[in-house]
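Following the hints, put chain H in place on chain P, whose structure we already have.
Okay, here's what each chain looks like letter by letter:
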Amino acid sequence: MLCTDVVTTQSARDLRPETAAHRAQIAKEMLRHCRLCAYDCGTNRFLETSGRCHAGAVARFFCAQTEVTDELMLIPAFNVALSGCDLRCDFCITGAPSWNASRGESFEPPAMARRARRALNDGASCVMVLGGEPTIHLPSVLEFVAELPATAKLVWKTNAHCSEAARELLEGIFDIWVADFKFGNDTCAQRLAKVKDYMRIVRDNLSWGFKKSELIVRHLLMPGHIECCWKPVAEWLASELPGVKVSLRTGFWPAWHANRHLELQRTLPPAQREEAFRLAGELELNLIP
Amino acid sequence: VKARHRTVSENEAKELFSELLILADGSVLVHNLTPTFAALLESVDLRDASLSARVPARQAREAGSGLSTGRNEKYKTAKYERSD
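First to last, the protein sequences are chains P and H. All letters in the first sequence, in the order written, are residues 1 to 289 by this note's numbering. All letters in the second sequence, in the order written, are residues 1 to 84 by this note's numbering.
Just chain H, same shape as in the assembly:
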């Protein structure tokens, strides 16, 4: 699945993209994850801590608290990884 979304900034059209691989067991692998797409994925409640840490609003909160939620063995329904 290649998700494309367009933004327009300062009269310049830019095409952004993220790629998803959804596995039969419900795991989701993501490549080129944009903040917008991270927020979208979180909104469908995949309950993945490694994703939560990448959503901009959460990042700001966690930067303040010093917390890192990069790994949470309780919720492994999705794995967000850059595969290069």
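If we strip away everything but chain P, and leave its shape as in the complex, we get:
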């Protein structure tokens, strides 16, 4: 166990900045033999960028602004998007900065925390940390949290491909996890995102998140992937995470390298959208807008 200081009670929440600061030091040390994501590559990120994420030790960000695109219960949200990701989804809507951790501007936790506080004062309901994939920049994220008020509502937007070590460091830090469940089988995951053993890893992390935090599971409907991806995802959620909030995203557009895959060279056909919602209704999923 890396952390025993689980932040679950109100008093523990008051200590969140201190807890985050402490864990940031642990996370920074982990960069010498990185195992923040499930690839567990062991790269020394102070010296090289040869891991799957190609990230060094310094985080960068490519977007920080208040947005109203996310789930209604979260908006307006001050979104901080960090460059770099451990997955390689060909259809990524932010492909360029997500596949290249050196894109964007230097992420300075105190300066970004000032911007976040201003956004909260201006009416943002929460601060959402996303990417790319923020897990790969956990030390900087925790430093950022350490600079935020303990009362701020914090949202962790993740691909759910983190390691057990990373999630231990995250436990109790974020109020809400918004986690993607992108693929319904390992074949599609390998073909579209070049990731192995996807189902086991993501299911394990979602089960953990369901127990440890408020969880919203997102699924982006991909054209031609209702039967192979959405259906198994929906059935598993209904069976294993009953009542979990599910955000079904219908706005797929053929971004980045989507044109490498014939079925992804278009937006979602209306008939597939209707079929996806019909299935969700049949399984009585707790869909949220």
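If you are wondering where the hints come from, they were derived from the structure by calculation, not from laboratory data. A quick note: this is a predicted structure, and the numbers were derived from the prediction, not measured. For glycine and all other residues, C-beta sits at the position ideal for the given N, C-alpha and C. Some hints here could point you the wrong way.
Here are the in silico distance ranges between beta carbons for each label pair [to be verified]:
#1 47(P) with 26(H): 50 to 56 Å
#2 26(H) with 122(P): 17 to 23 Å
#3 282(P) with 23(H): 35 to 41 Å
#4 149(P) with 15(H): 22 to 28 Å
#5 25(H) with 200(P): 36 to 42 Å
Here are some, though not all, of the chain P residues that point toward chain H, as calculated from beta-carbon distances under 10 Å [said to hold, decoys possible]:
#6 21
#7 65
#8 67
#9 69
#10 255
Some chain P residues judged to face chain H by a derived CB distance under 10 Å, without partners named [unchecked claim]:
#11 66
#12 68
#13 94
#14 96
#15 123
What follows is chain H alone, placed relative to chain P:
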């Protein structure tokens, strides 16, 4: 279409951006929708309920009433989605 608009706050210039994909059938997909851009889109009357729920003034009203207008099958001219 990538729409950029600049704001200046506390001597700090920040560039905000939203991205639009306008389809031939009139559907509009949006990524990184800012409150300002949501208000702008609503002002051109796209009649989309999922957008209306995201415009700040409406949000405040609906928070008070407990209403959610996230889905309205009557008006499907536009779909506002984050595609990640």
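Comparing the hints with the structure gives:
The given range of 50 to 56 Å is respected by residue 47(P) and residue 26(H), whose C-beta atoms sit roughly 53 Å from each other. A hinted range of 17 to 23 Å for the beta carbons of residue 26(H) and residue 122(P) is inconsistent with their spacing of about 33 Å. Between residue 282(P) and residue 23(H) the CB atoms are about 28 Å apart, so this pair departs from the stated range of 35 to 41 Å. Look at residue 149(P) against residue 15(H): about 26 Å separates their beta carbons, and that is inside 22 to 28 Å.
Checked against the given bound of 36 to 42 Å, the beta carbons of residue 25(H) and residue 200(P), roughly 40 Å apart, stay inside it. About 25 Å separates the beta-carbon of residue 21(P) from the nearest beta-carbon of chain H, more than 10 Å, and the hint is not met. For residue 65(P), the shortest C-beta to C-beta distance to chain H is roughly 5 Å, which falls under 10 Å, so the interface hint holds. About 6 Å separates the beta-carbon of residue 67(P) from the nearest beta-carbon of chain H, less than 10 Å, and the hint is met.
At about 4 Å, the closest approach between the beta carbon of residue 69(P) and any beta carbon in chain H falls short of 10 Å, and the interface hint on this residue holds. Using the Cβ-Cβ criterion of 10 Å, the hint placing residue 255(P) at the interface with chain H is satisfied: the shortest such distance is roughly 7 Å. Taking 10 Å as the C-beta cut-off, the interface hint given for residue 66(P) holds, the closest approach to chain H being about 6 Å. The restraint placing residue 68(P) at the interface with chain H holds, with a minimum CB-CB distance near 4 Å, inside the 10 Å limit.
Checking residue 94(P) against chain H by beta carbon gives a least distance of about 6 Å; that is within 10 Å, so the hint holds. The interface hint given for residue 96(P) is violated, since its Cβ lies 12 Å from the closest Cβ of chain H, which is over the 10 Å cut-off. Because the beta carbon of residue 123(P) sits about 7 Å from the nearest beta carbon in chain H, less than 10 Å, this interface hint is met.
Comparing the model with each numbered hint stated earlier shows that hints 2, 3, 6, 14 do not hold.
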